[in-house]
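Modelling step: build the complete structure from the supplied sequences, incorporating the hints.
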Amino acid sequence: MRHVIALDVGGTAMKAALVGADGELLHRARRATGRERGPDAVVADVLDFAADLRAHGIRRHGEAASAVGVAVPGIVDEAGGIAVYSANLGWRDVPLRALLAERFGGVPVALGHDVRAGGLAEGRIGAGRGTDRFLFVPLGTGIAGAIGIDGRVEAGAHGFAGEIGHVVVRPGGAPCPCGQRGCLERFASAAAVSEAWAAACGDPGADAADCAKAVESGDVRAREVWQEAVDALADGLVTALTLLDPRTLIIGGGLAEAGETLFTPLREAVRRRVTFQKLPSLVPAALGDTAGCLGAGLLAWDLIDPAGPSATPPSATGPSTPDPSTTDPSEVTT
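Note that full-length UniProt numbering numbers the sequence shown so that position 41 is 41, with each residue one more than the last.
Simulated from the structure, these hints should not be mistaken for laboratory data.
Since the structure is predicted, the reported quantities are computational estimates derived from the model, not experimental observations.
Hints may be right or wrong, so weigh each one.
Claimed, not checked - Straight-line Cα separation of at most 20 Å, EDC-like style, residue types lysine to aspartate or glutamate; simulated pairs:
id, residue 1, residue 2
1, K213, D231
2, K278, D207
3, K213, E224
4, K213, D245
5, K278, D289
6, K213, E257
7, K278, E257
8, K213, D203
9, K278, D150
10, K278, D132
11, K213, D235
12, K213, E195
13, K278, D235
See the structure below:
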(Lines of atoms letter the chains of each structure in order from A and count residues from 1; the text may use other names and numbers.)
(Lines give C-alpha, C1' and ligand atoms only; values in the text may rest on other atoms or scores of the structure.)
Protein backbone atom coordinates (compact mmCIF):
# COMPACT_ATOMS: atom_id res chain seq x y z
CA MET A 1 0.00 0.00 0.00
CA ARG A 2 1.42 3.35 -1.03
CA HIS A 3 2.13 5.61 1.94
CA VAL A 4 4.33 8.39 3.32
CA ILE A 5 6.14 8.94 6.62
CA ALA A 6 5.05 11.92 8.74
CA LEU A 7 7.00 13.24 11.74
CA ASP A 8 6.21 16.14 14.06
CA VAL A 9 9.24 16.94 16.22
CA GLY A 10 8.36 18.81 19.41
CA GLY A 11 10.31 20.00 22.41
CA THR A 12 9.35 16.99 24.53
CA ALA A 13 7.88 14.43 22.14
CA MET A 14 7.98 13.31 18.53
CA LYS A 15 4.68 12.25 16.97
CA ALA A 16 4.76 10.08 13.88
CA ALA A 17 2.48 8.35 11.41
CA LEU A 18 2.32 6.40 8.17
CA VAL A 19 -0.27 8.10 5.98
CA GLY A 20 -1.95 6.34 3.08
CA ALA A 21 -2.85 7.81 -0.31
CA ASP A 22 -6.43 8.40 0.81
CA GLY A 23 -5.29 10.09 4.01
CA GLU A 24 -5.82 7.03 6.17
CA LEU A 25 -3.55 6.82 9.20
CA LEU A 26 -2.02 3.37 8.84
CA HIS A 27 0.21 3.58 11.91
CA ARG A 28 0.82 6.08 14.69
CA ALA A 29 3.53 6.31 17.32
CA ARG A 30 5.14 8.70 19.75
CA ARG A 31 8.58 8.88 21.32
CA ALA A 32 10.39 11.23 23.68
CA THR A 33 12.49 13.82 21.89
CA GLY A 34 15.31 13.51 24.43
CA ARG A 35 16.50 17.08 24.06
CA GLU A 36 18.40 16.79 27.36
CA ARG A 37 20.96 14.67 25.47
CA GLY A 38 21.80 17.52 23.12
CA PRO A 39 20.96 18.55 19.54
CA ASP A 40 23.10 15.91 17.83
CA ALA A 41 21.27 13.17 19.71
CA VAL A 42 17.91 14.66 18.75
CA VAL A 43 18.87 14.67 15.08
CA ALA A 44 20.03 11.05 15.34
CA ASP A 45 16.75 10.08 17.01
CA VAL A 46 14.71 11.77 14.28
CA LEU A 47 16.60 9.78 11.63
CA ASP A 48 16.25 6.54 13.60
CA PHE A 49 12.53 7.06 14.23
CA ALA A 50 11.95 7.68 10.53
CA ALA A 51 13.96 4.55 9.69
CA ASP A 52 11.86 2.47 12.08
CA LEU A 53 8.70 3.79 10.44
CA ARG A 54 10.07 2.93 7.01
CA ALA A 55 10.88 -0.60 8.16
CA HIS A 56 7.39 -0.99 9.60
CA GLY A 57 5.85 0.12 6.32
CA ILE A 58 7.85 -2.46 4.40
CA ARG A 59 6.94 -5.26 6.81
CA ARG A 60 3.28 -4.37 7.16
CA HIS A 61 2.40 -2.97 3.74
CA GLY A 62 4.92 -4.55 1.42
CA GLU A 63 6.69 -1.43 0.22
CA ALA A 64 8.78 1.47 1.45
CA ALA A 65 7.37 4.94 2.04
CA SER A 66 7.12 7.06 -1.12
CA ALA A 67 8.12 10.27 0.67
CA VAL A 68 8.87 11.74 4.09
CA GLY A 69 7.43 14.87 5.70
CA VAL A 70 8.94 16.38 8.85
CA ALA A 71 7.63 19.35 10.86
CA VAL A 72 10.02 21.04 13.31
CA PRO A 73 9.85 24.07 15.63
CA GLY A 74 11.84 27.28 15.46
CA ILE A 75 13.15 28.96 12.33
CA VAL A 76 12.89 26.74 9.26
CA ASP A 77 14.23 27.23 5.74
CA GLU A 78 11.62 25.13 4.00
CA ALA A 79 12.97 25.75 0.49
CA GLY A 80 16.49 24.79 1.52
CA GLY A 81 15.40 21.94 3.77
CA ILE A 82 17.31 23.32 6.75
CA ALA A 83 16.24 23.49 10.39
CA VAL A 84 17.89 26.86 10.99
CA TYR A 85 17.39 27.32 14.72
CA SER A 86 15.36 26.00 17.62
CA ALA A 87 15.83 27.28 21.15
CA ASN A 88 13.93 24.29 22.55
CA LEU A 89 16.01 21.68 20.72
CA GLY A 90 19.31 23.57 20.69
CA TRP A 91 20.12 22.93 17.06
CA ARG A 92 21.38 25.29 14.40
CA ASP A 93 21.58 24.92 10.62
CA VAL A 94 20.71 21.22 10.50
CA PRO A 95 20.35 20.02 6.85
CA LEU A 96 17.56 17.72 7.90
CA ARG A 97 16.09 17.17 4.44
CA ALA A 98 19.47 16.13 3.01
CA LEU A 99 20.18 13.86 5.98
CA LEU A 100 16.86 12.04 5.59
CA ALA A 101 17.18 11.79 1.81
CA GLU A 102 20.66 10.30 2.22
CA ARG A 103 19.44 7.85 4.86
CA PHE A 104 16.62 6.67 2.59
CA GLY A 105 18.45 6.57 -0.73
CA GLY A 106 17.10 9.76 -2.25
CA VAL A 107 13.42 9.46 -1.32
CA PRO A 108 11.63 12.85 -1.57
CA VAL A 109 11.66 14.72 1.75
CA ALA A 110 9.65 17.80 2.79
CA LEU A 111 10.70 19.90 5.78
CA GLY A 112 8.20 22.30 7.30
CA HIS A 113 7.56 24.51 10.30
CA ASP A 114 5.45 22.84 12.98
CA VAL A 115 2.81 25.57 13.27
CA ARG A 116 2.55 26.08 9.52
CA ALA A 117 2.22 22.31 9.08
CA GLY A 118 -0.52 22.28 11.71
CA GLY A 119 -2.21 25.16 9.91
CA LEU A 120 -1.98 23.29 6.61
CA ALA A 121 -3.78 20.31 8.15
CA GLU A 122 -6.44 22.45 9.83
CA GLY A 123 -7.00 24.30 6.57
CA ARG A 124 -7.30 21.25 4.33
CA ILE A 125 -8.91 18.64 6.55
CA GLY A 126 -9.77 20.34 9.85
CA ALA A 127 -11.67 23.39 11.01
CA GLY A 128 -10.80 25.42 7.91
CA ARG A 129 -11.71 22.78 5.35
CA GLY A 130 -13.28 24.44 2.31
CA THR A 131 -12.10 27.93 3.36
CA ASP A 132 -10.05 29.88 0.85
CA ARG A 133 -8.39 32.17 3.43
CA PHE A 134 -7.82 31.43 7.10
CA LEU A 135 -5.55 32.27 10.01
CA PHE A 136 -4.61 29.45 12.40
CA VAL A 137 -3.47 30.64 15.84
CA PRO A 138 -2.39 28.06 18.45
CA LEU A 139 -2.29 29.39 22.02
CA GLY A 140 0.32 27.39 23.89
CA THR A 141 3.52 28.24 25.73
CA GLY A 142 3.80 30.98 23.13
CA ILE A 143 1.58 32.17 20.31
CA ALA A 144 2.28 31.62 16.64
CA GLY A 145 0.19 31.72 13.50
CA ALA A 146 -0.23 30.18 10.06
CA ILE A 147 -1.68 32.12 7.13
CA GLY A 148 -3.67 29.86 4.82
CA ILE A 149 -4.44 30.86 1.23
CA ASP A 150 -6.10 28.53 -1.28
CA GLY A 151 -4.89 25.28 0.26
CA ARG A 152 -1.36 26.35 1.07
CA VAL A 153 0.29 28.11 4.00
CA GLU A 154 2.37 31.24 3.49
CA ALA A 155 5.94 31.14 4.82
CA GLY A 156 6.90 34.67 3.82
CA ALA A 157 10.11 35.97 2.32
CA HIS A 158 12.21 35.05 5.35
CA GLY A 159 10.26 32.21 6.95
CA PHE A 160 8.42 33.93 9.79
CA ALA A 161 5.10 34.96 8.24
CA GLY A 162 2.27 34.62 10.73
CA GLU A 163 4.22 35.31 13.93
CA ILE A 164 1.27 37.07 15.49
CA GLY A 165 2.58 36.36 19.00
CA HIS A 166 5.10 39.14 18.51
CA VAL A 167 2.64 41.81 17.46
CA VAL A 168 2.81 44.50 20.16
CA VAL A 169 -0.62 44.87 21.78
CA ARG A 170 0.43 46.62 25.00
CA PRO A 171 3.15 49.19 24.15
CA GLY A 172 5.67 49.46 26.97
CA GLY A 173 4.28 46.30 28.59
CA ALA A 174 6.02 43.19 29.82
CA PRO A 175 9.36 42.43 28.17
CA CYS A 176 9.38 39.58 25.65
CA PRO A 177 12.32 37.26 24.90
CA CYS A 178 12.15 38.52 21.29
CA GLY A 179 13.45 41.91 22.50
CA GLN A 180 10.22 43.89 22.33
CA ARG A 181 7.86 44.89 25.11
CA GLY A 182 4.12 44.21 25.20
CA CYS A 183 3.97 41.33 22.72
CA LEU A 184 0.71 39.43 22.41
CA GLU A 185 2.13 36.18 23.74
CA ARG A 186 3.18 37.89 26.97
CA PHE A 187 -0.50 38.48 27.74
CA ALA A 188 -2.62 35.86 25.98
CA SER A 189 -0.61 32.64 25.75
CA ALA A 190 -1.35 29.71 28.04
CA ALA A 191 1.96 30.43 29.77
CA ALA A 192 1.03 34.09 30.33
CA VAL A 193 -2.39 33.19 31.75
CA SER A 194 -0.79 30.59 34.01
CA GLU A 195 1.68 33.15 35.33
CA ALA A 196 -0.99 35.80 35.90
CA TRP A 197 -3.38 33.39 37.62
CA ALA A 198 -0.65 31.92 39.84
CA ALA A 199 0.18 35.44 41.03
CA ALA A 200 -3.49 36.38 41.51
CA CYS A 201 -4.49 33.28 43.49
CA GLY A 202 -1.23 32.88 45.40
CA ASP A 203 -0.62 29.32 44.22
CA PRO A 204 2.66 29.02 42.27
CA GLY A 205 1.50 25.71 40.82
CA ALA A 206 -1.73 27.06 39.33
CA ASP A 207 -2.01 27.12 35.55
CA ALA A 208 -4.27 28.33 32.76
CA ALA A 209 -6.54 25.29 33.03
CA ASP A 210 -7.06 26.09 36.71
CA CYS A 211 -7.86 29.67 35.80
CA ALA A 212 -10.48 28.53 33.28
CA LYS A 213 -12.12 26.33 35.92
CA ALA A 214 -12.14 29.23 38.36
CA VAL A 215 -13.76 31.45 35.72
CA GLU A 216 -16.49 28.86 35.24
CA SER A 217 -17.09 28.78 39.01
CA GLY A 218 -17.48 32.55 39.12
CA ASP A 219 -14.19 33.56 40.77
CA VAL A 220 -13.85 37.34 40.34
CA ARG A 221 -10.03 37.30 40.29
CA ALA A 222 -9.99 34.60 37.65
CA ARG A 223 -12.45 36.52 35.51
CA GLU A 224 -10.22 39.59 35.63
CA VAL A 225 -7.15 37.60 34.60
CA TRP A 226 -9.09 35.81 31.86
CA GLN A 227 -10.65 38.98 30.47
CA GLU A 228 -7.29 40.71 30.28
CA ALA A 229 -5.99 37.81 28.19
CA VAL A 230 -9.11 37.79 26.00
CA ASP A 231 -8.86 41.54 25.38
CA ALA A 232 -5.19 41.30 24.42
CA LEU A 233 -5.92 38.37 22.12
CA ALA A 234 -8.80 40.23 20.48
CA ASP A 235 -6.54 43.22 19.85
CA GLY A 236 -3.98 41.00 18.16
CA LEU A 237 -6.56 39.13 16.11
CA VAL A 238 -8.22 42.30 14.85
CA THR A 239 -4.82 43.61 13.76
CA ALA A 240 -4.27 40.35 11.89
CA LEU A 241 -7.69 40.29 10.24
CA THR A 242 -7.28 43.93 9.17
CA LEU A 243 -4.05 43.02 7.38
CA LEU A 244 -4.94 39.55 6.08
CA ASP A 245 -8.75 39.58 5.69
CA PRO A 246 -9.20 35.87 6.54
CA ARG A 247 -12.59 34.25 6.13
CA THR A 248 -11.98 32.07 9.20
CA LEU A 249 -9.97 32.44 12.40
CA ILE A 250 -9.01 29.03 13.81
CA ILE A 251 -7.90 29.04 17.44
CA GLY A 252 -6.04 26.02 18.81
CA GLY A 253 -3.49 25.09 21.45
CA GLY A 254 -3.89 24.42 25.13
CA LEU A 255 -5.86 27.56 25.94
CA ALA A 256 -8.51 26.65 23.36
CA GLU A 257 -9.29 23.53 25.38
CA ALA A 258 -11.30 25.82 27.65
CA GLY A 259 -13.98 25.74 24.93
CA GLU A 260 -16.74 28.32 25.18
CA THR A 261 -15.16 29.73 28.34
CA LEU A 262 -12.69 31.20 25.86
CA PHE A 263 -14.67 31.42 22.63
CA THR A 264 -17.80 33.16 23.89
CA PRO A 265 -16.01 36.23 25.35
CA LEU A 266 -13.41 36.18 22.55
CA ARG A 267 -16.02 36.34 19.79
CA GLU A 268 -17.71 39.24 21.58
CA ALA A 269 -14.39 41.07 22.11
CA VAL A 270 -13.49 40.72 18.43
CA ARG A 271 -16.98 41.80 17.37
CA ARG A 272 -16.72 44.97 19.48
CA ARG A 273 -13.42 45.92 17.83
CA VAL A 274 -14.44 45.40 14.23
CA THR A 275 -15.48 48.54 12.38
CA PHE A 276 -15.12 48.45 8.58
CA GLN A 277 -13.64 44.93 8.54
CA LYS A 278 -15.71 41.90 7.67
CA LEU A 279 -16.21 39.78 10.79
CA PRO A 280 -14.70 36.34 10.17
CA SER A 281 -15.86 33.04 11.60
CA LEU A 282 -13.98 32.31 14.82
CA VAL A 283 -13.80 28.57 15.47
CA PRO A 284 -11.85 26.06 17.56
CA ALA A 285 -9.21 23.90 15.90
CA ALA A 286 -10.42 20.39 15.08
CA LEU A 287 -7.28 18.25 15.00
CA GLY A 288 -5.73 18.80 18.43
CA ASP A 289 -2.10 17.82 18.89
CA THR A 290 -2.17 15.62 15.77
CA ALA A 291 -2.33 18.64 13.45
CA GLY A 292 1.45 19.00 13.05
CA CYS A 293 1.92 15.33 12.19
CA LEU A 294 -0.99 15.34 9.75
CA GLY A 295 0.42 18.48 8.16
CA ALA A 296 3.82 16.81 7.75
CA GLY A 297 2.07 13.97 5.95
CA LEU A 298 0.33 16.43 3.63
CA LEU A 299 3.66 18.08 2.86
CA ALA A 300 5.07 14.68 1.94
CA TRP A 301 2.12 13.84 -0.31
CA ASP A 302 2.41 17.22 -2.02
CA LEU A 303 5.88 16.19 -3.23
CA ILE A 304 4.58 13.17 -5.12
CA ASP A 305 0.93 14.08 -5.72
CA PRO A 306 0.29 17.84 -5.96
CA ALA A 307 -3.46 17.21 -5.81
CA GLY A 308 -2.91 15.72 -2.35
CA PRO A 309 -4.84 12.98 -0.58
CA SER A 310 -8.35 13.54 0.71
CA ALA A 311 -7.20 13.09 4.25
CA THR A 312 -9.42 12.06 7.14
CA PRO A 313 -8.92 13.34 10.71
CA PRO A 314 -7.46 10.76 13.12
CA SER A 315 -10.65 10.41 15.12
CA ALA A 316 -12.43 9.06 12.09
CA THR A 317 -10.06 6.43 10.79
CA GLY A 318 -6.86 4.54 11.33
CA PRO A 319 -5.60 2.27 14.10
CA SER A 320 -5.24 3.75 17.55
CA THR A 321 -2.01 1.88 18.23
CA PRO A 322 0.82 0.59 16.04
CA ASP A 323 1.62 -3.06 15.50
CA PRO A 324 3.15 -4.48 18.71
CA SER A 325 6.19 -5.65 16.76
CA THR A 326 7.28 -2.04 16.26
CA THR A 327 6.96 -0.97 19.88
CA ASP A 328 10.09 -0.46 21.94
CA PRO A 329 10.61 0.64 25.57
CA SER A 330 11.19 4.26 24.52
CA GLU A 331 8.02 4.48 22.46
CA VAL A 332 4.64 5.61 23.73
CA THR A 333 1.86 4.74 21.31
CA THR A 334 -1.31 6.70 20.75
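Inset, instruction - Would you mind confirming whether the straight-line C-alpha gap from K213 to D235 stays at or under 20 Å? - result: Distance ~24 Å between K213 and D235 Cα, so the pair is violated.
Legend entry - Restraint status (C-alpha distance of K213 to D231 at most 20 Å): holds, 19 Å
Legend entry - Hint consistency between K278 and D207 [alpha-carbon to alpha-carbon, up to 20 Å]: violated, 34 Å
Inset, instruction - Below or equal to 20 Å on CA atoms is what counts here, so check K213 against E195. - result: holds, 15 Å
Legend entry - Hint consistency between K278 and D150 [alpha-carbon to alpha-carbon, up to 20 Å]: holds, 19 Å
Legend entry - Pair hint outcome, K278 versus E257 [Cα-Cα no greater than 20 Å]: Violated. K278 to E257 sits at ~26 Å, over the 20 Å cutoff.
Inset, instruction - With a cut-off of 20 Å on the C-alpha distance, tell me whether K278 and D235 pass. - result: holds, 15 Å
Legend entry - Proposed proximity, E224 with K213 (alpha carbon, max 20 Å): Since the Cα atoms of K213 and E224 sit roughly 13 Å apart, the hinted pair holds (cutoff 20 Å).
Inset, instruction - Please work out if K213 and D203 have their alpha carbons no farther apart than 20 Å. - result: Satisfied, since the Cα-Cα distance of roughly 14 Å is no more than 20 Å.
Legend entry - 20 Å Cα cutoff - pair K213, E257: holds, 11 Å
Legend entry - Hint consistency between K213 and D245 [alpha-carbon to alpha-carbon, up to 20 Å]: Since the Cα atoms of K213 and D245 sit roughly 33 Å apart, the hinted pair is violated (cutoff 20 Å).
Inset, instruction - Take the C-alpha atoms of K278 and D289, compute the straight-line distance between them, and say whether it is at most 20 Å. - result: violated, 30 Å
Consistency note: the structure conflicts with the earlier hints numbered 2, 4, 5, 7, 11.
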